[in-house]
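Make the full structure from the sequences, and use the hints.
Residue numbers (the numbering used here), protein chains in the order written: chain A, 838 to 1354; chain B, 281 to 435.
A hint or two may mislead.
[Stated by the list, open to error] No more than 35 Å apart at the CA atoms, straight line, and that leaves these computed lysine-lysine pairs for DSBU-like:
id, chain 1, residue 1, chain 2, residue 2
1, A, Lys1139, A, Lys974
2, B, Lys293, A, Lys1139
3, B, Lys300, B, Lys320
4, B, Lys300, A, Lys1139
5, A, Lys1164, A, Lys974
6, A, Lys1139, A, Lys1127
7, B, Lys320, A, Lys1120
8, B, Lys293, A, Lys1120
9, A, Lys1280, B, Lys300
10, A, Lys1127, A, Lys1164
11, A, Lys1280, B, Lys320
12, B, Lys300, A, Lys1054
13, B, Lys300, A, Lys1120
14, B, Lys293, A, Lys1280
15, A, Lys1008, B, Lys300
16, A, Lys1054, B, Lys293
17, B, Lys300, A, Lys1127
18, A, Lys1127, A, Lys1008
19, A, Lys1120, A, Lys1139
20, B, Lys320, A, Lys1139
It is worth saying that the hints were derived from the structure and are not from the lab.
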Amino acid sequence: MSRRVFVARDAGAIAVGADRVAVAIHDAAERAALDVDIVRTGSRGLYWLEPMVEVETQNGRVAYGPIRPEDVCGLFACGFLDGERHMRALGPTDSIPWLKRQTRLTFARCGIIDPLSLDDYRAHHGYEGFARALTLKPQEIVDEVAGSGLRGRGGAGFPTGIKWRTAAEAKGSTKYIVCNADEGDSGTFADRMLMEGDPFLLIEGMTIAGLATGATKGVIYCRSEYPHAIATMNAAIATARAANLLGTRIADSNRDFDIALRVGAGSYVCGEETALLESLEGKRGQVRAKPPLPAHAGLFAKPTVVNNVLTFAAAAWVLAEGAEAYKALGYGRSRGTMPIQLAGNLKHPGLFEAPFGMALGELIDDVGGGTASGRPVRAVQAGGPLGAYFPRALFDMPYDYEAYTANDGLIGHGGLVAFDDTVDMARQARFAMEFCALESCGKCTPCRIGSIRGVEVVDRIVAGIDREANAELLKELCETLKFGSLCALGGFTPYPVMSALTHFPEDFGLAREMAEV
Amino acid sequence: MAHRSEWNEDDAKAVIAACKDDGLLVVLNALNDQFGFVHKDAVGLAARALNLSRAEVHGVASFYHDFRERPPGRHVLKLCGAEACQSMGGDAIASHATRELGIEFGETTADAAVTLERVYCLGLCACAPAALLDGAPVGRLDANAVSTLIAEARK
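In structure tokens:
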């Protein structure tokens, strides 16, 4: 009987040697004339244990990691195919505490199934949400999503049900479902993991959105930095099309829906929904003023739903399991779960899906295990390059859209990047301005020029030139960016800058009280 | 990047014709993939095929970081410079790479072996610092690993 061994094909796992490990397992099995079937899955998201190898035993899957190619002979020698002990044995995968304490809804299948096997997907509750949606009226699908309390996972946190309703009610012969897979925020990788590990879930979620709004065309805008996600998504789209789950009269219904994948070209601002639409239309990725909302006039001026990968994925879960089950989880107005991405200087970085509400300190010190460098955690940047740097003093803050906003920050797309005490926060503030200058689309003057002036002002503060006056100037400049920019790039760059100045004034050579806002 | 070919106007026309219905972004990506850069003559060809002005095509081609104006070296090393990689010593890795190669970001070595590029996030933030060498992801980089990558690319 063939023995099944699982090694991730996720780009993060490949980056640390998963392909070489898979080859080593294949070669060792061949030498020993053992019938081993190597299944390349998505990642479980326990990146410090990648490359992780799992084996299917009579008692379920057993994990080993991190495994180097040179460890493979030893694995065979100790009998890992029967789940035997080894110095890198992690025990039954489901019992690994880091996985066990998660609530995996969106990532329920990731790391378990063969991402490109439609049979695997179906065997693990795939296409159940779609099957139910087919039995509902469009209005009922929208009500279900609205009732779940799901908010946009890309960063803005806008209620998904309202967005879908607006597009559903908009008049138009052609409507679009656009998936924002331009995951540019540093510290985030959930979209990539999902597209590489469970691509049919995104297809299912987008198809449901099509049924809800009357849209027949879907477009995934994926960033060029994700070659593996692009390849997996394209293969999954082709498979879904061959199985009549995309195309005309899908699943023998009277509905049409198809998806095309488009690749970006290295522009961060194209993650902003209107810039993304411009880019899809073949133009410079310049932000549009709203109104009109994309739901009224989006791609090619047609009614368009633009949602993030994780939003579509969560919507598919909501349709399968019901709005109430989703809404029952969460904190305050943040309902359901969030795939939180623990990144940067952490001992245990990875993807941790949990209901909203966990304290920042618990996520960083406990789940994340503190820093990889072994030094104290000094700051955590939440929500990417436009997110605030939080000090330890705010570690009791619950993971919640409103709580983060109240502390002049944002959850964004769910990334948390930890820094140890060697970080220079003035340098981080300078980088935030520099990044804004580099990525500004140029439409709004405060963003285009203010960011360049911002770099200069930070430099003057650090150089000790009129420190207090320049700190005041920096605050004023941030106000101008915040209120004078059309989109989040100029509007939120003040978050990392001001949080660095407010919480870590000593790094700018300022006394604490000088930095008080 | 073995499939990349030398700039050639006839090939460029074929590339453009094959995907012009999908719009300018797709066309420019196809040209950039095929030749490694968007040749200045390709701007005019794309403009003609898509019924746009040269200025419009130039505007789009110059907006996106991916579209190069000059051919890259045989290998392209993209080092991540975003915050998650910074937190794990990415800046030191970057200085090491520029020193070892003797070039700045955006430049190509004199032997045309390596082009060094800066990217902001590869989604490999849980195995930082990270890079892409000719599209292959590499994580948990340190100075030695960068030197090894460079040595391999220079072979």
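*Against the structure, test the hints numbered earlier, and report the numbers of the ones violated in rising order.*
none
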